Amino acid sequence: MTFCLSGIGSFAKLWKSNPVLLGRGHSYLSLFLTDFCGIRNQQRWFSLKTMSPQNTKATDLLIAKARHLRKDEGSNKQVSSDSSHLFLAGAAKKRSQMNPQSKDHALPPVKNTIELPTKPLNSKEWDKLKEDFKGKVNFESWISSQMAQCRSSVDVAKSLLAWVAAKNNGIVGYDLLVKYLHLCVFHKQTSEVIDVYEIMRARYKSLEPEANTLLIRGLIHSDRWREALLLLEDIKKVMTPSRKNYSDCIQGALLHQDVNIAWNLYQELLAHDLIPMLETLKAFFDFGKDIEDDHYSKKLLDILLYLRNNHLYPGESFAHSIKTWFESIPGQQWKGQFTTIQNSGQCSGCGKTIESIHLSPEEYEFLKGKIMRDVIDGGDQYKKTTPWELKRFKNFVKSCPPFDIVIDGLNVAKMFPKARESQVLLELVSQLAKQNLRLLVLGRKHMLKKSPRWRKDEMEMVREQASCFFADNISEDDPFLLYATLHSGNHCKFVTKDLMRDHKACLSDSKTQHLFFKWQQGHQLAIRNKFPGSGITFQHILSHDTVVQTTGDSWHIPYDEDLVERYSYEVPTKWLCLHRKT
Amino acid sequence: MSISVTFLRPFARFLVPFTLHRKSRNLYSTVLQRNMSSKIPSLSYPNKESASPPEQLELDGWKTTMKSSVQEDVSTVSSNKDEDPLAATRELIEMWRLLGREVPERITEDELKTIMQCASKSSKKKYLKYLYIKEKVKKARQIKKEAKAAAREEFKKSKLLETTEEDKQQNFLFLRLWDRNMDIAMGWKGAQAMQFGQPLVFDMAYETHMTPKELQNTISQLLESEGSNRRNVDPFHIYFCNLKTDSAYHRELIKRYGEKWDKLLLTATEKSHVDLFPKDSIIYLTADSPNVMTTFKHDKIYVVGSFVDKHMQPGISLAKAKRLKLATECLPLDKYLQWDVGSKNLTLDQMIRILLCLKNTGNWEEALKFVPRRKHTGYLEVSQYSQEFINRMKKAKTFNSLSKGSLNGRTQKRWLE
Numbered sequence: 001m002t003f004c005l006s007g008i009g010s011f012a013k014l015w016k017s018n019p020v021l022l023g024r025g026h027s028y029l030s031l032f033l034t035d036f037c038g039i040r041n042q043q044r045w046f047s048l049k050t051m052s053p054q055n056t057k058a059t060d061l062l063i064a065k066a067r068h069l070r071k072d073e074g075s076n077k078q079v080s081s082d083s084s085h086l087f088l089a090g091a092a093k094k095r096s097q098m099n100p101q102s103k104d105h106a107l108p109p110v111k112n113t114i115e116l117p118t119k120p121l122n123s124k125e126w127d128k129l130k131e132d133f134k135g136k137v138n139f140e141s142w143i144s145s146q147m148a149q150c151r152s153s154v155d156v157a158k159s160l161l162a163w164v165a166a167k168n169n170g171i172v173g174y175d176l177l178v179k180y181l182h183l184c185v186f187h188k189q190t191s192e193v194i195d196v197y198e199i200m201r202a203r204y205k206s207l208e209p210e211a212n213t214l215l216i217r218g219l220i221h222s223d224r225w226r227e228a229l230l231l232l233e234d235i236k237k238v239m240t241p242s243r244k245n246y247s248d249c250i251q252g253a254l255l256h257q258d259v260n261i262a263w264n265l266y267q268e269l270l271a272h273d274l275i276p277m278l279e280t281l282k283a284f285f286d287f288g289k290d291i292e293d294d295h296y297s298k299k300l301l302d303i304l305l306y307l308r309n310n311h312l313y314p315g316e317s318f319a320h321s322i323k324t325w326f327e328s329i330p331g332q333q334w335k336g337q338f339t340t341i342q343n344s345g346q347c348s349g350c351g352k353t354i355e356s357i358h359l360s361p362e363e364y365e366f367l368k369g370k371i372m373r374d375v376i377d378g379g380d381q382y383k384k385t386t387p388w389e390l391k392r393f394k395n396f397v398k399s400c401p402p403f404d405i406v407i408d409g410l411n412v413a414k415m416f417p418k419a420r421e422s423q424v425l426l427e428l429v430s431q432l433a434k435q436n437l438r439l440l441v442l443g444r445k446h447m448l449k450k451s452p453r454w455r456k457d458e459m460e461m462v463r464e465q466a467s468c469f470f471a472d473n474i475s476e477d478d479p480f481l482l483y484a485t486l487h488s489g490n491h492c493k494f495v496t497k498d499l500m501r502d503h504k505a506c507l508s509d510s511k512t513q514h515l516f517f518k519w520q521q522g523h524q525l526a527i528r529n530k531f532p533g534s535g536i537t538f539q540h541i542l543s544h545d546t547v548v549q550t551t552g553d554s555w556h557i558p559y560d561e562d563l564v565e566r567y568s569y570e571v572p573t574k575w576l577c578l579h580r581k582t
Numbered sequence: 583m584s585i586s587v588t589f590l591r592p593f594a595r596f597l598v599p600f601t602l603h604r605k606s607r608n609l610y611s612t613v614l615q616r617n618m619s620s621k622i623p624s625l626s627y628p629n630k631e632s633a634s635p636p637e638q639l640e641l642d643g644w645k646t647t648m649k650s651s652v653q654e655d656v657s658t659v660s661s662n663k664d665e666d667p668l669a670a671t672r673e674l675i676e677m678w679r680l681l682g683r684e685v686p687e688r689i690t691e692d693e694l695k696t697i698m699q700c701a702s703k704s705s706k707k708k709y710l711k712y713l714y715i716k717e718k719v720k721k722a723r724q725i726k727k728e729a730k731a732a733a734r735e736e737f738k739k740s741k742l743l744e745t746t747e748e749d750k751q752q753n754f755l756f757l758r759l760w761d762r763n764m765d766i767a768m769g770w771k772g773a774q775a776m777q778f779g780q781p782l783v784f785d786m787a788y789e790t791h792m793t794p795k796e797l798q799n800t801i802s803q804l805l806e807s808e809g810s811n812r813r814n815v816d817p818f819h820i821y822f823c824n825l826k827t828d829s830a831y832h833r834e835l836i837k838r839y840g841e842k843w844d845k846l847l848l849t850a851t852e853k854s855h856v857d858l859f860p861k862d863s864i865i866y867l868t869a870d871s872p873n874v875m876t877t878f879k880h881d882k883i884y885v886v887g888s889f890v891d892k893h894m895q896p897g898i899s900l901a902k903a904k905r906l907k908l909a910t911e912c913l914p915l916d917k918y919l920q921w922d923v924g925s926k927n928l929t930l931d932q933m934i935r936i937l938l939c940l941k942n943t944g945n946w947e948e949a950l951k952f953v954p955r956r957k958h959t960g961y962l963e964v965s966q967y968s969q970e971f972i973n974r975m976k977k978a979k980t981f982n983s984l985s986k987g988s989l990n991g992r993t994q995k996r997w998l999e
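If you read the sequences in order, they're chains A and B.
Quick note on numbering: this note's numbering labels position 58 of the first sequence as 58, and the sequence is numbered without any gaps.
Quick note on numbering: this note's numbering labels position 98 of the second sequence as 680, and the sequence is numbered without any gaps.
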């Protein structure tokens with residue numbers, strides 16, 4: 001930066017000497033947020049202040065801080081029910097924060113040899129800037145991509161293009177045009193987008209998906225939005241359009257009140273096996289407020305069922321849209337509220353019981369067969385076990401009456417690194433045996449061999465209180481655990497801290513994976529203790545299934561909060577409860 | 583007309599090149615120009631009045647040029663727009679190249695068809711990147727070749743000028759036939775190994791587990807391994823077991839070796855290694871094995887799976903060994919090396935070099951030099967390893983007594999202090 005200032009002192013007035021004032025930061029943040037909410041004239045003002053990297057960093061930090069604060073609030077509220085449940089949103093993030101080794105990722109150093117201009121320059125100034133630039137790459141493309149990244153104002157980019165064109169007989173390269181288009185689309189300058197569109201259509205026979213995507217996004221706001229659909233057709237010629245392309249086109253159609261096209265595009269999107277963006281679905285709901293049409297509302301309900309079947313959860317703003325739409329249906333008097341579900345599985349808002357986590361008998365049989373075939377067998381029985389061992393295990397399970405609890409011996413025993421394995425196992429087994437539960441302990445043969453960590457007398461006591469099955473040392477024990485639990489029936493639970501993600505991944509399709517996850521939520525007992533020897537307690541098992549659901553005159557829709565990070569194997573904690581006033 | 587010219591004066595130098603040719607369109611473009619410049623929202627600059635007007639006007643000049651200089655292209659658009667997906671893909675690649683993406687400059691019909699067959703967008707991009715890199719490497723090599731040829735030419739010329747007169751007879755013991763002699767010597771050694779050498783088996787039963795690309799890599803590694811075996815003082819007698827005739831393996835090997843394939847001094851067979859050798863003398867080498875190899879045994883038959891596994895499917899070779907009830911072993915990498923990154927699966931040529939080295943010297947440090955340097959940070963002292971082991975044992979003991987205390991009387995806290 002000092003280099004730049006000394007180098008081009010003559011027109012330093014053109015350069016914004018970007019002061020990172022702490023006081024300003026707040027205003028930046030608020031502007032940033034309103035920008036997302038779609039208040040446009042403010043955004044315009046904001047965008048002119050080309051953000052230097054430092055400023056972006058500052059805003060990023062502030063946003064991150066705000067997010068952090070919000071999350072803490074959220075978790076405080078949640079603490080009352082459960083400190084951190086294995087499958088509830090945010091738990092994994094918290095676990096990773098507890099781990100002292102994970103440091104905050106340092107931002108990579110920004111190497112920026114030239115400060116971006118904030119005002120249009122004339123050609124002499126551009127020449128000067130080019131001389132100052134030292135780098136291997138082409139100056140024009142470098143600076144234009146920098147501008148696209150920092151969201152410079154359109155005029156600055158335009159002056160760059162004018163300069164390039166002047167040097168180059170009025171020809172501007174395709175990559176510069178695309179980057180310029182990117183800026184125009186970002187700043188929502190529709191007339192500019194149309195100009196570039198004309199130029200591109202005139203100069204080039206066909207475009208590639210990136211430019212097409214940008215053009216679609218830019219054109220849908222104009223009167224010529226139907227041409228965006230033609231561009232979509234162009235993309236289809238060479239590859240499947242992305243769900244973003246569809247999303248843009250659908251939003252354009254809705255913006256111009258063409259509902260039929262929007263639904264057709266939606267059907268097409270589903271036919272391509274793409275998962276629609278939540279934005280797209282939200283747009284349908286937002287649009288639905290203004291029309292009274294039974295057909296349309298039926299389709300919206302279909303969307304909700306789609307969410308249910310695919311285990312998708314709406315975001316916070318989408319949840320608001322759903323609520324608003326329901327409340328806007330005339331004559332039905334829907335009432336919506338944002339609530340949580342109690343541990344008993346009842347909605348705090350209306351008191352209704354949420355769907356149970358248990359699988360239906362058919363689903364249960366299906367899952368059992370799948371686990372046997374995909375996880376344990378997997379095309380090659382030798383991979384995880386051996387046929388004779390499998391036979392031994394099956395005979396063993398058949399010979400025993402159904403178990404109440406199946407314990408992953410090694411996982412439990414290794415829970416406290418400072419305590420002896422066999423002792424921890426014995427503690428758990430004897431505690432459970434006191435409750436008159438039929439236990440099965442799964443382990444490996446090496447646990448029986450005498451060693452300092454596995455004492456024979458303690459293992460004997462374990463074997464007295466529970467049935468045991470020991471697999472070969474090189475076999476995997478988790479598949480056996482899953483099978484034994486499933487074989488014993490719906491009441492049977494299993495004890496392990498393992499999230500079983502690798503076994504879930506062995507299942508062939510996402511439907512089975514969802515079934516597995518649901519079953520896992522309902523049957524896995526995870527140990528909560530952090531220290532040995534204080535009586536082992538388990539995390540409570542969720543009694544309700546977290547999924548979009550309806551009883552006809554009520555809807556319960558779980559949703560993701562904007563500021564809570566949820567991992568794929570966690571479920572949201574917040575719900576939207578909708579019911580009809582009677 | 584005159585008005586428009588004065589209006590245009592500030593950026594006349596941009597427009598001059600084409601205003602000369604296309605006078606008729608000039609007026610149109612000026613009007614367009616004016617419309618556009620009025621479209622720019624004026625609220626963008628509060629201090630717009632102070633800014634000099636020429637800057638404002640310059641901004642849209644390029645557009646008219648871009649639009650007007652295209653007339654020729656436009657005519658081709660409608661005629662050339664056939665529905666051929668191949669042509670469309672070719673155009674797409676061309677546009678990507680303009681964008682500076684990693685796509686090849688030239689592309690053949692076959693490659694285009696391969697791209698069309700790619701299932702997903704990312705696989706298309708991946709394949710294009712592969713072609714791009716291939717093209718770049720080829721080009722660089724071409725340039726190098728030309729430079730070398732030029733240098734050689736130069737050298738010849740200078741030599742011709744200088745040393746024509748010094749062309750006198752010298753006395754030599756040997757003719758310069760080193761390469762051929764070496765080949766023949768290696769052939770003799772190979773024949774000897776075929777008769778008396780220790781067998782080393784490459785198990786070729788993994789064809790179904792590999793993608794075509796992985797298979798190609800495997801073949802390359804096999805070629806490399808065979809090469810280093812040939813050059814060794816005391817080569818193995820190599821067996822290619824489970825090599826089905828007309829399988830992809832077989833075809834690829836013949837393609838790569840050419841005529842040499844039938845003259846190779848190794849045994850290629852469709853039979854399995856368990857049919858050729860007694861089961862109890864076979865040791866299957868696999869990184870998944872729980873048993874660690876301590877010494878190289880000269881009376882055993884080592885089996886290496888010729889399998890490149892880029893998709894991380896663990897336990898396939900172990901499953902194969904389990905099925906045939908064979909003994910398995912893995913290299914003692916952890917014992918001798920401070921492992922850092924990367925998988926413990928080594929390539930086939932690294933494997934055979936390690937085995938050759940062990941066979942000749944029996945020295946693990948020497949042999950494990952062939953493990954890539956990037957994968958480990960250095961050698962472990964053997965004493966250090968045993969020291970660690972002892973420490974671990976000690977720890978286990980103290981904790982045992984510790985936890986016993988906690989069970990008896992909950993004196994855990996005091997113990998810890």
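A hint or two may mislead.
To be verified - Lysine-lysine pairs mimicking DSS-like chemistry, simulated, CA-CA at most 30 Å apart:
1) A/K244 to B/K707
2) B/K926 to A/K398
3) B/K926 to A/K414
4) B/K716 to A/K237
5) A/K94 to A/K398
6) A/K136 to B/K726
What the hints assert, rightly or not - In silico contact screen, one side only, chain A against chain B (beta carbon under 7 Å); selected entries:
7) A92
8) K94
9) L161
10) A165
11) S206
12) V238
Said to hold, decoys possible - A short list of chain B residues far from chain A (calculated; beta carbon distances all over 10 Å):
13) W644
14) K645
15) A670
16) L681
17) R723
18) R758
19) K879
20) W921
21) K957
22) G960
Bear in mind the hints are in silico, worked out from the structure with no lab data behind them.
Because the structure is a prediction, the values reported are computed rather than measured.
Here a beta-carbon is modelled for each residue, glycine too, at the ideal position from N, C-alpha and C.
- Message: Under 7 Å is the threshold here; is the Cβ of A/V238 close enough to any Cβ of chain B for the hint to stand?
- Response: holds, 5 Å
- Below or equal to 30 Å on CA atoms is what counts here, so check B/K926 against A/K398. Cα-Cα ~40 Å, so violated.
- Query: Is it the case that B/R758 keeps its Cβ farther than 10 Å from each residue Cβ in chain A?
  - Reply: holds, 45 Å
- Query: Taking the closest pair, is the beta carbon of B/R723 still more than 10 Å from chain A?
  - Reply: Non-interface label on B/R723 holds, nearest chain A Cβ at 22 Å vs cutoff 10 Å.
- Say whether it holds or is violated: B/G960 keeps its Cβ farther than 10 Å from all Cβ of chain A. Since the minimum Cβ distance to chain A is about 23 Å, B/G960 lies beyond 10 Å and the statement holds.
- Does the claim that B/L681 lies outside the interface with chain A hold up, using a Cβ gap greater than 10 Å? violated, 5 Å
- Was the hint right that A/A92 lines chain B, CB cutoff 7 Å? violated, 23 Å
- 30 Å limit on alpha-carbon distance, applied to hinted pair B/K926 and A/K414: Distance of about 25 Å is within 30 Å: holds.
- Query: Checking the smallest CB distance to chain A, is B/K957 really beyond 10 Å?
  - Reply: holds, 22 Å
- Hint validity - A/S206 Cβ closer than 7 Å to any chain B Cβ: Cβ of A/S206 sits 5 Å from chain B, so the hint holds.
- Item | B/W644 remote from chain A - nearest C-beta pair above 10 Å | At roughly 3 Å from the nearest Cβ of chain A, B/W644 sits no farther out than 10 Å, so the non-interface label is violated.
- Item | Closest C-beta approach of A/L161 to chain B relative to 7 Å, hint status | Interface hint status for A/L161: holds (5 Å vs cutoff 7 Å).
The structure does not agree with the numbered hints 2, 5, 7, 8, 13, 14, 15 and 16 stated previously, though it agrees with the rest.
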